[in-house]
Structures are given as structure tokens and as C-alpha cells.
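Colleague: Sequence:
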Amino acid sequence: MRPFLLILLCVLGGAAPAQPASTAPTAPRYTLVMPPGFEKVTVGAHIAICQPNDVEWVKKSLAEVKPATRPTTMPADLLKRVTENRPAVVKQMVADFALADDKEPNRLFDEKLLPTLTRLDQLKPPVYFLVCTREKLRELTSGGWGEPRFHYNRVAGEVSIDDHVYLSIERPMDDAVLIGYYAEKDPIEHRIRALAAATQKLDADLLRMIAEQSQPLVFNLTAQHLGEHYLEPLKLRRDQQWLALGVAGYFAAKYAGQLTPYAKEQWLKDVTFENPRYPVSARGIDLTRPAEESTLRPVAIPFYTQAMRRKSIGVVAKWAQKSGDASVTKVLAAVGANKPTDGAALLKLVKDLTGEDLTKDLGAQ
Numbered sequence: 001m002r003p004f005l006l007i008l009l010c011v012l013g014g015a016a017p018a019q020p021a022s023t024a025p026t027a028p029r030y031t032l033v034m035p036p037g038f039e040k041v042t043v044g045a046h047i048a049i050c051q052p053n054d055v056e057w058v059k060k061s062l063a064e065v066k067p068a069t070r071p072t073t074m075p076a077d078l079l080k081r082v083t084e085n086r087p088a089v090v091k092q093m094v095a096d097f098a099l100a101d102d103k104e105p106n107r108l109f110d111e112k113l114l115p116t117l118t119r120l121d122q123l124k125p126p127v128y129f130l131v132c133t134r135e136k137l138r139e140l141t142s143g144g145w146g147e148p149r150f151h152y153n154r155v156a157g158e159v160s161i162d163d164h165v166y167l168s169i170e171r172p173m174d175d176a177v178l179i180g181y182y183a184e185k186d187p188i189e190h191r192i193r194a195l196a197a198a199t200q201k202l203d204a205d206l207l208r209m210i211a212e213q214s215q216p217l218v219f220n221l222t223a224q225h226l227g228e229h230y231l232e233p234l235k236l237r238r239d240q241q242w243l244a245l246g247v248a249g250y251f252a253a254k255y256a257g258q259l260t261p262y263a264k265e266q267w268l269k270d271v272t273f274e275n276p277r278y279p280v281s282a283r284g285i286d287l288t289r290p291a292e293e294s295t296l297r298p299v300a301i302p303f304y305t306q307a308m309r310r311k312s313i314g315v316v317a318k319w320a321q322k323s324g325d326a327s328v329t330k331v332l333a334a335v336g337a338n339k340p341t342d343g344a345a346l347l348k349l350v351k352d353l354t355g356e357d358l359t360k361d362l363g364a365q
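With the numbering used here, letter number 155 in the sequence shown gets 155, and the count goes up by one each step, no holes.
Please note that a few of the clues may not be correct.
What the hints assert, rightly or not - Label-pair restraints from in silico Cβ distances:
| no. | residue 1 | residue 2 | range |
| --- | --- | --- | --- |
| 1 | ALA263 | SER142 | 32 to 42 Å |
| 2 | GLY336 | GLN92 | 12 to 22 Å |
| 3 | GLU212 | GLY37 | 36 to 46 Å |
The set of hints was computed from the structure by calculation and includes no laboratory data.
No residue lacks a Cβ here, since even glycine has one placed at the ideal position from N, Cα and C.
Input sequences plus hints: build the corresponding full structure.
Modeller: Set out below in C-alpha cells:
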């Protein structure tokens, strides 16, 4: 469960869903080249580029932008909550994974959660509003300005625009150039209101999307830490992988339920949700005999793995609800001390130690 933060935002078209890091632009960083005859106007945190005759009204418009309402789950809010609940979560991790000390749990906070949330809190995308008429944009782009974000189609006589803002804490961000169109016939007051409204919407959308990424970031980093440090070292066979996948997801939900305003039950509901449009159903997978990756088409492997993860988390959550978290800890300790030879042996171990027979829950439904 590799964490990522890549947010796509189309300023005029609304927010697009977050996408995996592999879809991030791989070209060199896009840097704005000032169009000929334009000037830069900076008012507070906002920057516009416009022609000299438009400078005064553009300044006035940017000055009228009101601060956007901040969601209550901004990175700064989570930093405070994570810091306050850290001691309790560290103590629980030590108990849940039968650790000798709290060194590794504290590394999760010091090296992952706190630095990453801090970077997210300090995120300031380089966004510019290009204020001009449609005719002027056609003139600029027909001469080659703005490539590859702006491209003039000579056949259609129109401009195609990449008007997304790409936000990332893992790579230098591209300059984003957004269009603030106006028509020559538009009254100045109309232009002022339109540019101010577009700028204010941009601010609100960026804050909302950063806030929406903050909580999943805490869950993902926590699950990744659990997997890498406590579960991958067990080197479980494929027919035993449900234990690692389920334990990482279940305990990540437990800890995220304290580190974020999202309750543990809601995390579990979200990470086990079976979307009927998802290409691989978790219900049809037998986790005691999962398909080998070599038998799957490469394009299907990520979907199959995610389905395995969803089902595994559901099984472990149900098991923990019936027998308690300590029963999961007991099995993990036993597996670490003497790994079962195969999937059947793992199931027997769970039943012997906790009295729970998970065969039916793990099987295809």
C-alpha cells in the first residue's frame, strides 16, 4: 500500500479524483515563460499575468479575494491530533505487535507521519492566472507560446489547454497557468468580479483537496509501516498472505481512528467496501488458495491484489471483533517464533490458539 499524494484539480471544471503516483507527469518540470507584452501582478499569495492596460483592474480584483474557509481536517489540524494521540498509539502498537520496545513505532511518527504532514501543510503550488481575451490567447499560442500546456490547433483555429493544477510533495511542482478570460465588451466591474470569483474558487478547492488527502495519508503511511516492519519479515507464503494484508489494514484502521477524526469503524468500512464496478470481486477469491500472479494477466494483478487486501482486512476485523485484538497478537507472535509450513497449518494455528475457524470466511463466497 504505497502512499502517494498527487492531486488533480481543474479550476473551472471542478476536482478530479486523486490518481496513483505513476500517472504523475514524467516530463521535466514545466516552468512558465512570460508571454511577450505581459506583466506579472502579485497581490498577497496570488499571481496574475496580464497586459499593461489590464494591470489596474487585475490588482483590484485580486485584492478583493477573501480568505477561503479552511476545512477542519487540514494538515495542521491533523499534526496537532497526531501529536496529542501519539503516546497512546505507540503504546498500543507495542502491545499489538508484542514489541520489545517503542523504537519502531516512534520512527513511524518521527520519520513518516509528522514530516509528511508538515510538507503537506507547507504546500504552496505555483499558480498563475493568465488574464486575456480568447483572441489574444489564440494569437499567443499560434506563435508557439505555452507548449506543451497550451497548443494551437491550426485546423480548428482553437487552443487546447491543460488547465490542471498538479500538487505533489514528492517532486517539484510544475508551474500551473490558468486562464482568466474576459471579453473586450465586458465592463471592468464584471471582469473584476469574475477573476475574483475564479481565484477564490481555486483557493477553496485546493484547501478542500489537501484536506481530503490528509487523512488517507495517515492511514496509508501507517499501513505501510506495519507491513514493512512487522509483517513482511514473516515471509509468509501466498496462501498465508491474508494474515499480513488483513493485520496491516485492520491495525492501521485502529490507529488511524485515533490519529484522525475518522473513526476506526468508518476506516474499516471504507477499506473493505466492495464497489460492484471493480473489475475483481473479493467475494470470489479463496484466500487459502489464491491465484498465483504468474497465472494472471499483468494488467489484472493490481486489481486482484487489492481485492485480496479488502477481503483479508474484513476477515481479520471480524476475527478481532469476536476474539479481541490480543488473539491476533498471539497468532502473530506464534508465527514469528515458528512459521507454519502452509496455509492449512496457519489456519490450524489460529484455531488452536484462539478457537476461531476462519476457513469459511477466507473461502470463496
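Colleague: Now tell me, hint by hint, if it's right for this structure.
Modeller: Hint check:
no.: 1; hint: ALA263 <-> SER142: 32 to 42 Å; in the structure: 55 Å, violated
no.: 2; hint: GLY336 <-> GLN92: 12 to 22 Å; in the structure: 18 Å, holds
no.: 3; hint: GLU212 <-> GLY37: 36 to 46 Å; in the structure: 39 Å, holds
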